[in-house]
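Combine the two chains into a complex, taking the hints into account.
As a plain string of letters, each chain reads:
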Amino acid sequence: MVHAFLIHTLRAPHAEDTGLCRVLYSCVFGAEKSPDDPRPHGAERDRLLRKEQILAVARQVESMCRLQLQASGRPPMDLQPQSSDEPVPLHEAPRGAFRLAAGDPFQEPRTVVWLGVLSLGFALVLDAHDNLLLAEGTLRLLARLLVDHLRLLAPGTNLLLRADRIEGILTRFLPHGQLLFLNDQFVQGLEKEFSAAWPR
Amino acid sequence: MFTAGAESLLQQAREIQAEELRKFCSRVSKLLREEDLGPDAIDCLRRLFLIVSATKYNRRLDKTCVDLLQATLCLPACPEPLQVLCAAILREMSPSDSVTLSCDHTHNTRQLSLVASILLAQGDRREEVRTVAQHVLRALESRQPEGPSLRHLLPVMSKVMGLSPGALQEDQTTLLSKRLTDWLRYASVQQGLPHSGGFFSTSRARQPGPITEVDGAVATDFFTVLSTGHHFTEDQWLNVQAFSMLRAWLLHSGPEGPGAPDADDKSELEGSTLSVISATSTTGRLLPPRERLREVAFEYCQRLIEQSTRRALRKGDSDLQKACLVEAVLVLDVLCRQDPSFLYRTLSCLKALHGRLSGDPACVRVLLPLARFFLTHGEAAAVDSEAVYQHLFTRVPAELFHSPMLAFEFVQFCRDNLHLFGGNLSILTLSFPNLFKFLAWNSPALTAEFVALLPALVDASTAVEMLHALLDLPCLTAALDLQLRSWPAASERPLWDTSLRNPSCLEAFRDPQLQGLVQHLLRSKASGTTQRLAPLHQLLQPMASCARVAQCAEAVPTLLHAFFSAVTQVASGALTNQLVLLLLERSDSLYRVPQFEARVHRVLSAQFLALCKLKPSLVVELARDLLEFLGSVNDVHGRASMVTSVVWAIGEYLSVTYDRRCTVEQINKFFEALEALLFEVTQSRPSAALPQCPPQVVTVLMTTLTKLTPFHRGEVSLLLSKMRTLAQSPGASSPHGEEGTEAIRTRATELLNLLKMPSVAQFVLTPSPEVCSPRYHRDVNTALPLALRTVSRLVEKEAGLLPG
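Which chain is which? The protein sequence lines are A and B, in order. Note that this note's numbering gives residue 172 to position 158 of the first sequence, counting from 1, and the numbers run on in steps of one. Note that this note's numbering gives residue 384 to position 371 of the second sequence, counting from 1, and the numbers run on in steps of one.
Bound-form chain B, shown alone (with noise of 0.2 Å):
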């Protein structure tokens, strides 16, 4: 749809230079001087819109331009057309100081509207904002028989709030809380007459009969947005747009204002409160305005729900009812924090409307502000809020998590609330496999909610079962997609991947052999166990080109980082050798999706590292695992990140400063494993099958040796020979490149250089913590490249008076 025409055009808008538009502008200020403002006008006016609109960047028009374009606006007759194209360029061109129009000029409500909003649009640097609303208010407030619709304004108020709460003053805001609470309650209950102009309802026409609900039915009280008929009168319009902003309008004249505290505050005063004032309400007329608003509000909220019951005959009206009933609960929210009288009648109504909800999937999102509510005020009230929860919580994500709109509500809902769940907050923790599931499947949207959810979401007790959960989250994406084709389907368009029709795996995972398994990755708590789902990985492959398990696999890294973060908060130390060793095990044992495995290592080997520092003597309490995990690396290319962040801790942490328990045999062992390894992966004829492995691995592992060789009570000989051999040349067929063979052969020579004085060495490879301080890479004189470098050289310089 986007044409080559179109590109073209918006190119030439972008492009039109400064000579050009002003006789453009001249051409416009001649056809707007002109009596009939006919369709050239129109067309050339369409074309100025564009020209300002179409680049970021100032376009300067004409003075007389500008100024006609609103007196054009302000003129007594002018066709609609014309003046919101007068009104769109004005706006599009502020804040603009050239902009010199003033509310006094319109001649009716429509202008004024249009004009409010060109002012509102400068960024009130000249209180622009009060200006306006002083000004709409005094027209709402004159009661003119044949006057202009109203109906232009009350938006104009509602905007005016909404940028600037404290444009009106107390008395304005309690004389337009009472012209809400007429729109509100007292609208006409008599369809409006066909019209050829405006909107009006004159006496002396005949009646055309009672307002009908959505089903058809005539209607039972009084008039509200779910009131329908063939034409509509005046009040009736405003009725509309009074509720449409009736919640602002609480929250901004309401006695705490836009700030609340919330209820937790309050709940002393609720329950007594309760215990006092009787569950009939209190004769209207005698109340406030702004009291005698909320006892509107309330009982148009009441009528809402109750209308909501009805069937529709219209689609539009069925989606009309649920926003309905979202916005009900969400002003009786208000209301409830506002005045705690209301809890008692609000309660009961909604806890039935509650039970008549929950068993319906369509209703799902009104489930959300409803739970909200009872967590707001459920202390009071002694609602038992656990089994809201536990609906909300087990069965919705589990059968809901495909819908984007609900995954995205519903993660809010949980940041927006944490404060509310004070002690219950394992709810939450708990439900973290069926949280898991929305993030899954929608990560693009979701993932910087998580990011941001994480931290109360992480526990000590779950924290070894999340991270597996996330190193599994793109299997869980995968398994949900099979799921969701095995279930009946729920929509026209099927909700799976369209693109991968008849998986070959789909009969597998019915298999009950795996169910377990599956059970397990689909389960909707945690559970306190772990299991290896390696079983499933492999079964899963095929799904692992969907675009869908891509993009959840592209999430996992920021996840993993913002998970570490959280978790290292709340971990004690046998909780941090858990982690290390699920690292271990993990590292090996991924779901295969492209690049998947490479970013995590590259996350796994820093958080490892990280982990290390936190608490390095895990490395010598780990130290049988690590020997393990040295031992059992058969692809090192795989996971040459790992190995080089394992081997590397070694060399850094595995001695008495950092845990006492450190042995002899522990030093010897470990260079027994780390000499074998470096043998393997430096052989002379590599195998033509494995890939060779990285050269940061090789330096790495020649670097530890050499931190451990003075504390080793064995052989160095082989160990230096090897050395030698790499310091001339790598390998025969050099394998690692031009920069990784240079590197190999310089560190290899820098090495075998500092085991000549072992003392040195041990200074500049392991320094003590005094002098690891973090200005250590800026000063010259302790940067560890500059010492080798210096070693070097005086040991070459030196090397024809040293013996041997």
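Excised from the complex, chain A in its bound form (with noise of 0.2 Å):
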């Protein structure tokens, strides 16, 4: 199961060191068990950690996308759209998965799988025995769905503000965190419910 997805900001290899790491969206699927806190405040400890664990997660994939693009020899400009009618090739873009001990930073080990699109990282946070292949397919199937149904390829628009949508996807292709072993009809299918609840 799914315990987070996340998207990012990915800055550029070789770009200097502006700005930081910026979570732009998660959703947190269930949460860890909260360790028996009787301090006062104890709530928004956890919600803290929560942040911050989704923050290290974040630019841990930065920094594994900026050391692959770099070893492959990409230019650094190789993050930003060709133009807004191709479509983004998924099966070509950057990705990895790696490997995070228990208490570093969740209580339990876990793994987690990205992939670069747009100068955006998407990624997924897995349980440590899932599986992969699934987790990879559907991480390339919602970023492909977000790109389309946000039009992130257009000029100027970001996804901010259009959390709606974000969720609406995430509800029917990620259920609670639910990995669905979805073939391309079922798919189809879920995209035509999506668009009739949000017309472009």
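The hints are simulated quantities; they were obtained by calculation from the structure and are not laboratory data. Incorrect hints may have been included.
Below, simulated DSS-like cross-link-like pairs (lysine-lysine); rule was C-alpha separation at most 30 Å, straight line [stated by the list, open to error]: (1) B/Lys69 - A/Lys65; (2) B/Lys76 - A/Lys47; (3) A/Lys47 - B/Lys69; (4) B/Lys43 - B/Lys76; (5) B/Lys76 - A/Lys65; (6) B/Lys538 - A/Lys206; (7) A/Lys206 - B/Lys328; (8) B/Lys76 - B/Lys36; (9) B/Lys36 - A/Lys65; (10) B/Lys191 - B/Lys335.
Now the in silico label distances, taken between C-beta atoms and shown as ranges [said to hold, decoys possible]: (11) B/Pro207 - A/Ala116: 47 to 53 Å; (12) A/Ser209 - B/Ser361: 45 to 51 Å; (13) A/Ala116 - B/Leu513: 38 to 44 Å; (14) B/His650 - A/Arg53: 35 to 41 Å; (15) A/Leu62 - B/Glu48: 36 to 42 Å; (16) A/Ala142 - B/Asn437: 21 to 27 Å; (17) A/Pro123 - B/Leu622: 32 to 38 Å.
For every residue, glycine included, the Cβ atom is placed at its ideal position computed from N, Cα and C.
Below, the structure is given as structure tokens:
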């Protein structure tokens, strides 16, 4: 099962370090069991911890992506879209996986699967023994859907004020973090349902 | 894409002040109270979501606002965008004490699902998980004819089980197992009808036709996730979800529970069961619910395996087939562990599958769970696991090291299944050259994994070869890049470093004269021999500036540390000596990547000292080699840390206390060699071409020579005069810098003072082991700097009273 899904910024490999890695959207499915904490404001501390865990994952994904792009010798502008008409070649996008040990930063050991598209990083935080092929496929699907339905290729759009669409896509394609075995026709059916509720 | 406009929007959301937020909340409350919830409301809620989620610190929203959000979420008829936004805001705030939602307020399953997502995010402080579980189960159990879609509820059950396995009682588990069995086995085989609202199959409409397989043929058997059609019925949806959660459910509701002991305990039971249970399946209807579910799960997996032989028309379906294969093998593994009677039927099926997939590089990732299956159940099944491993460890890494996901999964496979290799661990330890290919190519992602894996890979018989391989790892990266360029193109986008076009060494790489070395570097198994790859280092020099090579070079020091901590556990005296000789030899013979040599030298010199500490007698045993090392150092600056460590170790351990075989001749020879080295590095007319050696080398040489002086049976006057010179001014042009010069001067003075009192010198510089206890540096009475200073002051005070 997926513990969290996040979208964050990816800065180009050779750019100067302007600004920080920003998490643009994150969704944690369920919560890790809160430790028994007698101190007051435990709930706020939990939330703070959760946000920091997600930020830690985002930073690690960003550096992995940057290293991978450097290693393959791709030009730094590769993350920018060529034109709004071409479909984004997701099968060639930088992607990878790494493991997070228990306690660092989540209580349980987890695996992160990530994908870099158009200067955005998409990542799934999974349990340690999930089906990675399925997770990869799901992540590619989510990225494609978000790029299409949020029209991320068009200049000037961003996803900060479009959370409702992202939520709509997630409730259908990754409900409560459940990875689904969806063949193409199922995907089309769900997409139609989504488009009906969120007309363009 | 993350434009300046977006950055400023994020900034605004993070910096909004309390007063402004309060005003905004009251605006939101006003909008939510209206009858008609239009686009203004949605727009405001989007902004509110951004404000809440943009910062990691808590945002205090007005109570009225929060209550209205909760109320809006639970309205009987509410447009979906509004619902999900309210839910998202409440979820982003969580865990929070102001959330007072309850499952009772919901009107349909979609709302229940959204409310559940908020309650499950509270961290289970008030048993929310159990409450949610009970509610959802009640909804799942009720069979309402016109009921809302149950498909929103199964994922909640799955999540609940993951968070809190004890939330369900025995009879509830049984009931859900029954429903899952129905959905998995008896979903409709007719396509659904086109709809305008929810997904329902109405019986009065005409039949739209049967479902199809992924290759377009009409479906031959029951519905699975690999069955397609234009529209789907409710129960077909539930089939998809049921399979998606099947493995977790089986593990949760199995006889052993989530922490199942692995099959080694069961192999005896399996062996005896196999002879008793027949190959045919029992009649399904008579089985209790859990067993029935397992039987159905088994049939489902078999059907998926059969369906995966079809050639899918769409790429997405083809990818899904592979994911289904992996899942089917994983589920079958769980089934066989829970009920060994499945083993007989499963084995023939999976052996055939393995045979089919071995030749197909596109399906290589399915081979890993298959291998795990054979590892787990191989004993009981008398499967020839050798053949399985051979292919997996010999060919796969050599051909597919460049795929980051495969590399990760392969290494995870090794890490997670160490306990299953049992007596066959040599397969793993002998395959380390192949495994290192994954590491050399994907070092950022895999370094941590290999640090954890190295203790299992390190073996006394291959340790020396492995150390060479680790020191040559960046060289391997370069060679793999060239190898990829030589192969026919595997994919559209080139896999090698595209910023380096046509490297000059590509031709030379194919030179027949060097093929022996190249093949050794690219070997797939430990060969038991070592070869000096210095010619390859030179050849591959143009590749040293590649980013991938540099990344690998950065990982090597960490790996060396892990290697040494593992090897010292298994190293005998002879092996330790071999490793030390290797360190000395290789410190001069490394692939020249920028900063690589300096970093590796630091590690090697530290490890050299650690090895000496473990086995002090090696200084005497390897005396000849150490002398040779000292004599052959022509670039002291380049190997400063190694030289420092060696000289220091000689001073520490060259004595009969550590090895009775230490002779006076040895000490004399070392003394002369060190003296010569000292004179060489402190020439008053240093050569302009060679860089000056660091001051540490000078001071450690002086200190060691002083330690050896009491035992040296030769002339010391030359040394003394040299040290007096250094005490006044180390060199005419003072190339060591202010601090360096000062350090040399001070140390020379202290040592000269010590030499005036030889017995004190012995105590101060080579204290006996009892004195060298761990609190040495903490105990003020025995601290060396203090002792030196005290002696110096004493001597200076008394200088007038001493003769000469």
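Taking 30 Å as the top limit, are the C-alpha atoms of A/Lys206 and B/Lys328 close enough? 20 Å, holds
Practice item. Could you grab the alpha-carbon distance between B/Lys76 and A/Lys47 and see if it respects the 30 Å cut-off? Key: Holds - the C-alpha atoms of A/Lys47 and B/Lys76 are around 26 Å apart, at most 30 Å.
Quiz item: Is the straight-line distance between the alpha-carbon of B/Lys538 and that of A/Lys206 30 Å or less?
Solution: 53 Å, violated
* Is it true that B/His650 and A/Arg53 lie within 35 to 41 Å of each other by Cβ? -> 57 Å, violated
Practice task
Would you mind confirming whether the straight-line C-alpha gap from B/Lys43 to B/Lys76 stays at or under 30 Å?
Solution key: 13 Å, holds
Do the alpha carbons of B/Lys69 and A/Lys65 lie within 30 Å of each other, as the hint requires? 5 Å, holds
Taking only the CA atoms, is the gap from A/Lys47 to B/Lys69 under or equal to 30 Å? 19 Å, holds
B/Lys76 paired with A/Lys65 [C-alpha distance capped at 30 Å]: Since the Cα atoms of B/Lys76 and A/Lys65 sit roughly 23 Å apart, the hinted pair holds (cutoff 30 Å).
ask   = Does the structure keep B/Lys36 and A/Lys65 at a Cα separation of 30 Å or less?
value = Satisfied, since the Cα-Cα distance of roughly 26 Å is no more than 30 Å.
> So does A/Ala116 sit 38 to 44 Å from B/Leu513, Cβ to Cβ?
Replying inline: 40 Å, holds
Given the range 32 to 38 Å, decide if the beta-carbon distance of A/Pro123 to B/Leu622 lies inside it.
Between A/Pro123 and B/Leu622, where Cβ atoms are some 35 Å apart, the hint holds.
The hint says 47 to 53 Å between B/Pro207 and A/Ala116; measuring C-beta to C-beta, is that right?
Holds, at about 49 Å.
When the structure is compared with the earlier hints, violations turn up for hints 6 and 14 and for no others.
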